[in-house]
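Given chain A's structure and the hints, the job is docking chain B onto it.
2 protein chains.
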Amino acid sequence: MIFNQYFYHPDLTQPVVTLSQEESEHCVRALRHRAGDEVLLTDGLGNEARAIILTDNPKACQVELHDVRMVKNTNAHRLHLAIAPTKNIDRIEWLVEKCVELGIETIHFILCDNSERPRVNMDRMRRIAVSALKQCQTTWLPPMTLTRFDDFLKSHAQMPADKYIAWCDDENTRQLAREGFSHDDVILLIGPEGDFSAAEIETARQYGYTEVKLGNRRLRTETAGLYGCLLMAVKDI
Amino acid sequence: MIFNQYFYHPDLTQPVVTLSQEESEHCVRALRHRAGDEVLLTDGLGNEARAIILTDNPKACQVELHDVRMVKNTNAHRLHLAIAPTKNIDRIEWLVEKCVELGIETIHFILCDNSERPRVNMDRMRRIAVSALKQCQTTWLPPMTLTRFDDFLKSHAQMPADKYIAWCDDENTRQLAREGFSHDDVILLIGPEGDFSAAEIETARQYGYTEVKLGNRRLRTETAGLYGCLLMAVKDI
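Residue numbers (our numbering), protein chains in the order written: chain A, 1 to 237; chain B, 1 to 237.
Incorrect hints may appear among the rest.
Note: identical chains are not told apart, hence a pair may lie in one copy or across any two.
20 Å max Cα-Cα, derived SDA-like pairs, lysine to any residue [as the list claims (entries may be wrong)]:
1) K213 - K235
2) K213 - D170
3) K235 - R178
4) K235 - F181
5) K72 - Q137
6) K72 - H9
7) K154 - I237
8) K213 - Q135
9) K235 - V212
10) K59 - A30
11) K72 - C168
12) K235 - N216
13) K72 - R218
14) K235 - I52
15) K59 - D37
16) K87 - E97
17) K72 - D170
The hints are simulated quantities; they were obtained by calculation from the structure and are not laboratory data.
Chain A with its partners taken away, still in its complex shape (with noise of 0.2 Å):
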């Protein structure tokens, strides 16, 4: 009998693991699980196992894996999204989860000029994306980081990719979803509530960022981010 519900385990390359304590509970306890049932496991770097359970521990779940297979499901263009938090966290760990769900391949969470919020506990949001991907049945869980502006800008000064930053100057007609990608790489860069900084927006021209506009609304944070998001889920489709 297969389950829809994927557990998470971060190595599927031994032939008998032990799932964590928190996905043990859900297997055992909360889905009631017993030894001998057939589950599927993913990693999160996109391989998909179908295991056995060996022991049914509500601790420490013990499966024997099967069919180890890489199914990620990857949208035409990977989406690197830098993006400041917003001072109300709950909008961000929401944008984390639908990243998730629509395929998204890196997050980060960049420290602005006119950020609100300099902390982000990045535990959380590492739960809330694998809650998304277990659900959702995804194979893939998005690194994430939390870096200053300018760090993200030099760290991936070197990465071949379309690069963007998203800004709400009026003068600013161009727009990302007419936008034609030449790599299969795209960074888009999103403000704080306070948007980017004139300083910012010149620097990241220096590092060959174009201004982009999402769309002809005034959107928050958040909805600027999953627009970045679902304009990849939807493109070339």
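Okay, now just chain B, sitting in the frame of chain A:
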């Protein structure tokens, strides 16, 4: 001095209007506007007005209207979303907010065979929509209804529109993102967590609805709704 924040009043046809208690409190108490200040109003019907505060009463703020003008920011196509409310109502509330931000035309909560939630607090939904309208400087407050699936189909039977029903069936490979629309209005039906029943799919077919997929991923109900909404915002941009 012009403030970016909108205030909401459903009728901008009179020369002087009194804001509701909620709007008055927001305007006078929270944002500390005083008599003589200029503010922006919308009626949620596409109109914007400049207004001068006459009396800064925090329970009944009276304003004088100037320059009422239609500024409805339309997408190329008007989306009418009919969606089964989710078990967890937070997810639908969030969807309503995002739909208003992205410029949806109307929202209909439909009760389906597999619906887990028979009730929706429509007053609360309307408050959420008004709040989104104000913050995102949109002038269109989408009409919202709560209706049975069959009744929705009947009431929209004569409406000239491209009509679609989202369906997760593997044999259905038609993608909404690839569709060319022949009407200005597009109706999209999205089912509950347990999906539409076979009978509902059949009924929709009889009413001229076409089954479509929303990308290649398994999306939650509210993410599917957002997918449709964002598709309209990026299409033909």
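Hints, verified against the model:
1. Taking the closest pair of Cα atoms, K213 and K235 come within 20 Å of each other both inside a single copy (16 Å) and across two copies (14 Å).
2. Taking the shortest Cα distances, K213 and D170 sit within 20 Å of each other inside one copy (9 Å), while across copies they are farther apart (35 Å).
3. Taking the closest pair of Cα atoms, K235 and R178 come within 20 Å of each other both inside a single copy (10 Å) and across two copies (9 Å).
4. For a Cα distance limit of 20 Å, the shortest separation of K235 from F181 qualifies both inside one copy, at 10 Å, and across copies, at 17 Å.
5. Taking CA atoms no more than 20 Å apart as the test, K72 paired with Q137 passes inside one copy only; the shortest distance there is 10 Å, against 39 Å between copies.
6. Taking CA atoms no more than 20 Å apart as the test, K72 paired with H9 passes inside one copy only; the shortest distance there is 16 Å, against 49 Å between copies.
7. For the homomeric pair K154 and I237, neither the shortest alpha-carbon distance inside one copy (32 Å) nor that between copies (32 Å) is at most 20 Å.
8. Taking the shortest Cα distances, K213 and Q135 sit within 20 Å of each other only across copies (19 Å), while inside one copy they are farther apart (32 Å).
9. For the homomeric pair K235 and V212, the shortest alpha-carbon distances inside one copy (16 Å) and between copies (16 Å) are both at most 20 Å.
10. For the homomeric pair K59 and A30, the shortest alpha-carbon distance inside one copy (12 Å) is at most 20 Å, but the shortest distance between copies (50 Å) is not.
11. Only between protomers do K72 and C168 lie at most 20 Å apart by alpha-carbon distance; the minimum there is 19 Å, versus 34 Å within a single protomer.
12. Within a single copy, K235 and N216 get their C-alpha atoms as close as 18 Å, and across copies as close as 12 Å, so both meet the 20 Å cut-off.
13. In this assembly of identical chains, K72 and R218 lie within 20 Å of each other by CA distance solely across copies; the values are 13 Å between and 33 Å within a copy.
14. Taking CA atoms no more than 20 Å apart as the test, K235 paired with I52 passes in neither setting, with 38 Å inside one copy and 45 Å between copies.
15. Taking the shortest alpha-carbon separations for K59 and D37, only the intra-copy value of 17 Å comes in at or below 20 Å, while the best inter-copy value is 63 Å.
16. In this assembly of identical chains, the alpha carbons of K87 and E97 lie at most 20 Å apart whether taken from the same copy (18 Å) or from different copies (17 Å).
17. Taking CA atoms no more than 20 Å apart as the test, K72 paired with D170 passes between copies only; the shortest distance there is 18 Å, against 39 Å inside one copy.
Comparing the model with each numbered hint stated earlier shows that hints 7, 14 do not hold.
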